[in-house]
Amino acid sequence: MLLEPEVLSRLERLSLATRARMTGAYPGGHRSKRLGSSVDFADWRQYVPGDDYRRIDYQIYARLDRLLIRLYEAEDEVSLQIVLDATLSMDFSRKFSTGARLAGALAYLAALHGDRARVWVVDANGIRPSPWARSRDSAIVLIRWLEEVQPGGSGDLPTALKRFASAGGLRGMTVLISDLLTEDWEATVRRLTSPGAGGAVLHVLAREELDPELRGDLLLVDAEAGGAVEVSLSEQVLRQYRERTKAWLRAVAETCRRRNLHYELVSPDDDLEALLLVRLREGGLVR
Amino acid sequence: MDGLLAPAALAAAALAVPILIVYMLKTRRPRQVIPSTFLWRAATKNVSASRPWDRIRSNVLLFLQLLALAALVLALAQPYRSAPGVAGDQLVLVMDASGSMAATDQEPSRIEAARTEAGRLIESLEPGATVSVVAADSRPRVLVSSTTNRDEAMRAVEAVEPSESDADFAEAFLLAESLETPGHPATIALISDGGLSDEERELVPEGTVVRTVGSSPANVAISGLEVGEGPNGFRAFVQIQNHDAEDAREVELSLEIDDAPVVADTLEIKPGALVERSFDLGPQSGRLVAAIDAEDTLPHDNRAYAVLQRSAPRRILLVGPGNFFLEALLSQIPGSDVTVSKTPQDPSRFDLAIYDRSAPPRSIEAPALFIAPETLPVGVEGSGTVRHPQITFVAVNDPLLDQVDLSELAIARTADVRVAGARTLIGTGDAPLVATWTKGSYRRAFIGFALNESNLPLQVAFPIFADHLLSWLTGSEPPSARYAGDAIDVAPVPGATVIEAAIPGAKGERLLPGQALEETARAGFYELTFLNGDDPIGERTIALSFPPSESDLRPRDIEVTADPRRPGLTETSRRPIVAWVLAILLAFLMLEWWWGHGRPGAPALTSLFRRERAA
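Listed in order, the protein sequences are those of chains A and B.
In terms of the numbering used here, the first sequence opens at residue 1 and continues consecutively.
In terms of the numbering used here, the second sequence opens at residue 1001 and continues consecutively.
I should point out that these hints are in silico values taken from the structure, not numbers from a laboratory.
Straight-line C-alpha distance at most 25 Å; calculated SDA-like pairs for lysine to any residue:
no., chain 1, residue 1, chain 2, residue 2
1, B, Lys1507, B, Thr1497
2, A, Lys246, B, Val1033
3, A, Lys246, B, Arg1041
4, A, Lys246, B, Gln1032
5, B, Lys1270, B, Ser1215
6, B, Lys1439, B, Thr1343
7, B, Lys1507, B, Val1307
8, B, Lys1507, B, Asp1535
9, B, Lys1270, B, Ser1216
Kindly generate the complete structure, drawing on both the sequences and the hints.
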């Protein structure tokens, strides 16, 4: 089971939080860019024939002798689109399972609170979406669908996200779960954003990747791309590696910040509930 | 480097291939699959796993190792340098040590250039070859004989110092040839500036290798200093020669008597010209030094020495029946006081006793000349006469016969005698016609024939020979030595048992009466002190000057007749320079080790054939 029932039950009190107004296809619980029928007053406008006369502000009419219509905020559902990296590089140190659990949990809590969610999986075959989850049951179906996904092959994240965008994936809130271990990580992050769309990058990296315990002369073989690198690992070399990795993480976080994307570095060793209930909540991704 | 003794060893350069292969082949490393090499690629350059070799990148260690290999291959190939070398296994070096070798026209001096040349020849010898060194000055001597020790030979070469005399090359060549193993000719190498006389050039051993030194003839020298005695005192005659054929020279000439200046003159000497000056010096006796201030390459010939000494009046006793020629001759000798007697007198009161056809006493305490005496004096033995003797021997080099032409001498009869320990000046067969010797403190001369039984008194040579002989007998002859290098034949002083000689620039010598002073390589004043036991009874000063022949600094070639039996020089002597190459190899190896291990920050595990893998 990808997500245990008790975990799911604890997630029920969370819901997605959006930083920007979004336009959903269906009415929901999130502020929309449209004006609608919520209880939150937004503005007035001139009455035109055909308007619902029940929305004429008669107090204004009494004071100003003008027919104005009261406008209210619309509340739309959020369409949560999760892109899950399922390439071979994620198949290490429970990185993929961590990502899949996060994707399932986010989709579940979204569906539970009237939003809809689906997961796009990127692997050697390109990118493919899961069924939409709009309810608890359909979210369970999505989780079961995720359980069937096996990471493998070499994927091309930028190309996959291009297809994702053309399929309208960026209209809602987009969350990318990946290790970003590719030369094209910056292009990947760039494709994640479109005007007005909110999103997040959940950067999954194992502790061994941040602080390798390798020593001596080694031929490091790339599991995904197949290339190899010869290294003679001394303390000095490892120190330089750690420094470069930290600099790279700072660059990724900065790129996300500039694009208004929430960034969270996730380790497979992190506790999922603590991650969702504390860190993502503090980060404003859930509430 | 002119070639390789073992060029086949260059094939060892192929060892570079395995070294390069070691560098090109991928090191077998444990494979470690990781999620992505993305972060590692930032640390190292990527290497494609599909190729079994690396592209060789610039690598200091590889560069140093290839350089070391190149040096090793070169050492194995035994590079050599071609140089003239000694072909044989015996080398006899004749080093010119004459006065002209002190010239500095060739930096630092001709003698140093000669030493360098000698060093080259010694170095070119094969191992086991022997070296002998002969120093050729006025008294040639062997400094080292047939040594195989190069250091000893070099020390002998370094010990050769230029004298202030000319060189007796004839004697030097005799010495050199005596050092050869009989039947096994040695390589004789003459290192000289070419200042050999024509006679000496004829004596150069055939096949001798000649190395000449010297470059410039420019030199100004005092080529002559003569003193004469006149009624008003002494007079000096000075010759100064400019050997420089291109530039005129102006020199300051000064004459000093006992360190007190008496003459100073400025002379302009045209190129190649000889300037002669005479100066009245007055009656003062003493040591005369003539000096010029020429700045040239040979300072020794800028000073000349002479002794101003008044000759004492000579009392001469002539015992005999009367001799017109002889009496006429004696009366012409300045300062002489002649006593003619037909009966014997005590000779001890005279400076010279002449017994002409008379019987001399047994004991004569004075110098004596015997001319066909009636009875033979002590030391002369024999009987009978030789009629019409043919002159078979003339000591032409004896100073007493200088300028004496005896070619027309004819003698009717002479005594057939022998004189023990005498020097024969003129002889017929075994019998001396004229002989000289020294008995105790007195000189003796014997003429075997009566003057009126020969044509000698009618010869031009007669007054000259008589003057020489009488001067020698009385010890007032001109000094036998005038130039450094000439042996000083010391005229005895009656009663002297030993003579102490003070030599300029060297420690003194003690001589016995009749013994010549041979150690005369330096110019200057030689002080002779005559001792009776420890008591000084007389002194004499001899002045020796730098020989004018050595002032001619023209470098001259010496032509030598070839001798196929004598090994000379081979132009193809190959001197291995492996030691240098090995030193370079060692330097490369040390540098390689330092780069790999020693320097700060060097990779810890690098070894000779291990690639550097810095991060």
